[in-house]
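Student: Please dock the two separately framed chains into a single complex, following the hints provided.
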Amino acid sequence: MLSVKHLLGIKDLTREDIELIFSQADEFKEVLSRPIKKVPSLRDITVANLFFENSTRTRLSFELAEKRLSADVVNFAASSSSVKKGETLVDTVNNILAMKVDMVVMRHASPGAGIFLSRHINASIVNAGDGTHEHPTQALLDAYSIREKLGSVKGKKIVIVGDITHSRVAISNIYCLQKLGAEVMVCGPTTLIPKHITSLGVKVSHNLREALEWCDVANMLRIQLERQDAGVRYFPTLREYSLQFGLDKKLLDSLSKKIVIMHPGPINRGVEITSDVADSDQSIILDQVENGVAIRMAVIYLLAQRIEKRVN
Amino acid sequence: MRQVTLIDSKLLGLIINRLCHQLIENHDDFSNTVIIGLQPRGAFLAENIVERLRAIQPKSEIRYGVLDPTFYRDDFRRNDKPLIAQKTEIPFSIEGKHVVFVDDVLYTGRTIRAGLECVMEYGRPASVELLVLIDRRFTRELPIEPKYIGKSVDSYDDQKVKVMWKKDGGEDKVLLLTDITP
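Chains as they are written, first to last, in numbering that gives the first Met the number 0: chain C, 0 to 311; chain X, 0 to 181.
It should be emphasised that the hints constitute simulated quantities derived from the structure, not laboratory data.
All figures in this text were calculated on a predicted structure; none of them were measured in a lab.
Some hints here could point you the wrong way.
[To be verified] Each computed DSS-like pair below joins lysine-lysine, with the alpha-carbon atoms no more than 27 Å apart:
| # | chain 1 | residue 1 | chain 2 | residue 2 |
| --- | --- | --- | --- | --- |
| 1 | X | 86 | C | 66 |
| 2 | C | 28 | C | 4 |
| 3 | C | 308 | C | 66 |
| 4 | C | 202 | C | 148 |
| 5 | X | 86 | C | 148 |
| 6 | C | 153 | X | 86 |
| 7 | C | 99 | X | 80 |
| 8 | C | 202 | C | 153 |
| 9 | C | 308 | X | 80 |
| 10 | C | 10 | X | 80 |
| 11 | C | 28 | X | 86 |
| 12 | X | 166 | X | 80 |
| 13 | C | 66 | X | 80 |
| 14 | C | 4 | X | 80 |
| 15 | C | 37 | X | 80 |
[Stated by the list, open to error] Ranges of calculated distance between the beta carbons of each label pair, as one might list FRET restraints:
| # | chain 1 | residue 1 | chain 2 | residue 2 | range |
| --- | --- | --- | --- | --- | --- |
| 16 | C | 247 | X | 166 | 24 to 30 Å |
| 17 | X | 166 | C | 97 | 49 to 55 Å |
| 18 | C | 33 | X | 17 | 33 to 39 Å |
| 19 | X | 13 | C | 32 | 37 to 43 Å |
| 20 | C | 4 | X | 17 | 48 to 54 Å |
| 21 | X | 81 | C | 235 | 51 to 57 Å |
Even for Gly, the Cβ is constructed at its ideal location relative to N, Cα and C.
Next comes chain X alone, as it looks inside the complex (with noise of 0.2 Å):
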C-alpha cells in the first residue's frame, strides 16, 4: 500500500496544542474532569495531551486514566482476531466527574460504544465527551461523534490511517494507507 503522510510531527504537535486549549475552555482548572485514554492506540495520544496541559497549566491537577473496553465489544466470538485485553487503570472516582475520553481515530464508533458502557461500571459520570485526533467521516456505524477533532479525514473502506508516536518506537506523525494512486 501506498503511504500518504497526512499529519506530520510539527502540525501534530500544533494540533495537540489546539486541542488543549479547546479543553482548557470547556474544563477550567479540570478540578471536576478527568481524561481516559482508550486503549490500545488512544493512551498514546492521552498521554501527549496530559502533558501538554500540565505544561500550560502547572498549578491544575490533571487526572488521567486509561480504559479497555475489550470485554464490552459486540464482536466477541464474531471476529477472527483474539480480543485481548490490555491494561485498565482508573485510579479515581468516576461518580459525578466531567469525563473526557481520549483516541486516536475515529471509524465505526464501535469502541467507543463498548467505552461508554464499561465506563458506566465505574459510577455515573456527569458528562462523557470525545476527543480524537482523526475523525474518519462518514464511516460511522453508530451515532456517536466526538466534541474535539484533530483532522477529519474522508477515506474508504479498504484504506487504513495509521497514527504514530514516538513513544510507540516510531516518529509522531499519521499516514493514509491507500491502494488509490492519485
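Same shape as in the complex, but just chain C (with noise of 0.2 Å):
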C-alpha cells in the first residue's frame, strides 16, 4: 500500500512507494501488450482531468490510463470553463466534486496548487504538474524508463540539462532519482540554475561537454519561454544557447562512452537537442512516453486502493 492519498510530489514518496510504484507498472506494461489493453479494476471510479494548464502529452496519457483501467473519465479544460468568468479554484472542484468524482487529475500554473486543494477537498489528488513546483508522474517514468534501460538506477548518474530555475520536472527527477539512489548533476547557464540548488544535493556544472563525459544519462530540458519573465533575458539568444547548451550528433559521438538520451517533451529540436541525436538508438524519448502510460496506470491504480468504498 502506498503511504500517501495523494501523489502530489515525489518528495512525500517513501523509496519503497515508488518501488510499488514500479513493480506494479511492469504488470500493467504487460496489460498494455495484450491484445485487449483494459482491466476491468476501477469501475466504479470516476476520474476528474482538470487542466488549468495547456498539455497533450500528459493529457492523453493520464485519459488513456483511465480508461484502461475501466474508470469513468470527465475532461476539463481552464479555456473552455467558468475559471474565466472568476469562480475559485475550491469551488470549480467542489462543484465537479459534487457530481460524484472519486479522484482528481490536476495541472495548474500555482506551485503547491494541489496541496492546496488537497486540504479542501474530499477526493484523492494527481498532480499532473504545478507549476514551477512538481510533476512527479514525469519524474517516476523517467526513473522507471532509466531502469528499463540501464537494469537500476541506484549508482547511476544523472545529468539534467536546461532551464532548472523554471523546470518542475527538473525538481521532481532530483527528488525520485536520489531517493532511488542515482546521483545527479544540473547543468545549464548561471542563469538558468537557482542559488541555492547544491541545498538538494545535486551537483552543477555550466559545461555541458564536462557534464555528458560524467553522466550515464542525460536528461535534456526544453527552454520554457512561456515562463520566463517577460523583460528579464535569461541568455542572449536562443542561438547562443543551443550553441552553448544544446545536443548534437557530433558531440554526441566524440564522448568516451556510449550515454542515454531523455526529454521530458515537447521537444524544439534544434534548440536544446538536434533531430539526430532525438532520432538516435542511444534516444529512449519514445519508450518515456509509452511508459508514462503504465506508470500512470500503476499510481492510480494505487491510490484508488485508498479511496473508500462507498457503501451504496
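Tutor: Take a look at the structure:
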C-alpha cells in the first residue's frame, strides 16, 4: 500500500512507494501488450482531469491510463470553463466533486495548487504539474525508463540539462533519482540554475561537455519561454543557448562512452537537442512516452485502493 | 494453530505423477493445449507439473505460462490488504487452445472466476479446465468445479490449508492449520 493518499510530489514518497509503483507498472506494461489492453479494476471510480494549463502528452497519457483501468473519465480545460468567469479553484473543484467524482488529476500554473486543494476537498488528488514546483508522474516515468534501459537506477549518474529554474520536471527528477540511489547533476547557464540548488545535494556544471562525460544518462529539458518573466533575459539568444547547451550528434559521438538520451517533451528540435540525436539509437524519448501510460496506471490503481468504498 | 500434515513429500510426488497422467489421457501430446499457473501460489505447482510432463513425454512441446488475475478480482477496495499484482507471462496465443488452469488450493472459486475473465483478454480459448492440488469442498461461493483434483479436503472456514514447496524455500508438503483438537 502507498504511504500517501494523494500524489502531490515525489518529495512525499518513500523509496518503497516508488518501488511499489514500478512493480505494478511492470504488470501494467504487460497488460498494454495484450490484444485487449484493459482491466476492469476501476469500474466504480470516476476521475476528473482538470487541466488549468495546456498539455497534450500528459493529458492524453492520463486519460488513456484511466480508460485502460476502466474508470469513468471527465475532462476539463480551463480555456472553456467558468474559471474565466471568476470562480475560485476550490469552488470549481467542489462543483465537479458534487457530481460524484472520486479522483482529481490536476495541472495548474500555481506551485502548490495540488497541496492547497488536498486540504480543502475530499478526493484523491494526482498532481499533473503545478507551476514550477513538481511533476511527479514525469519523474516516475523518467526513472522507470532509466531502470528499464540500464537495469537499475541505483549508482547511476544522471545529468539534467537546461532551464532548471523554471522546471518542475527537474525538481521531481532530483527527488526521485536521489531516493532511488542515483547521483544527479544539473547543467545550464548560471542564470537558469537556482542559487541554492546544491542544498538538494546535486552537483552543478556550466559546461555541457564536462557534464556529459560524467554522466550515464542525460535528460535534456526544454527552454520554457512561457515561464520566463516578460522582459527578463536569461540568455542573449536561443541560438547562443543552443551553441553552448544544445546537444548535437557531433558532440554526442565525441564522448568517451555511449550515454542514454532522454527528453520529457515537447522537443524544440534544434534548440536543446538536434533531430539526429532525438532520433538516434541512444535516445529513449519514445520509450518514456510509452512507459508514461503504465506508470500512470500504476499510480491511479494504487491510489484508488485507498479511496473509501461508498456503500450504496 | 496446530499443524496437521495432509500430504507429505512422497505422497505429493505420487499425486503430481497421477495428475500428469490424467492430463496426458485428455491432452495427448499437448499440441493444442497450454498450461497456465495462477499467481501467486499456483505457479509452483504448475512448474512441478510441467517438469514432470516433460520428463514423461520428452517429445511433446509443453507450453506454459503464468497469469496473475489481481486486476480482475471482485474485492478491489473491499479488502483490507492491498491488491498487488505479480508477474503475468503468456508468451503464446490462447486463441483456439485448450487451457489448463493450475492452482494449489480451490476455496471460494473467486480467484478462478477472475482468472477466467483475465484469460479471455488474450483470445478465445477452445476450452478451459481446472487442475487443483487441494479442493476444499463445501466452501465454494461460485459455481466453479475442478476437473483434476489432487486431494479433496473437508475443512471449516477458520482452518487454513497451506501448500509448501521446495522451490519456495520449504519442503514439499501440504499442511492443515487448525484450532480444533481431534
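Student: For a quick check of understanding: which of the numbered hints are violated here, in increasing order?
Tutor: As far as the earlier hints go, only 16 is violated by this structure.
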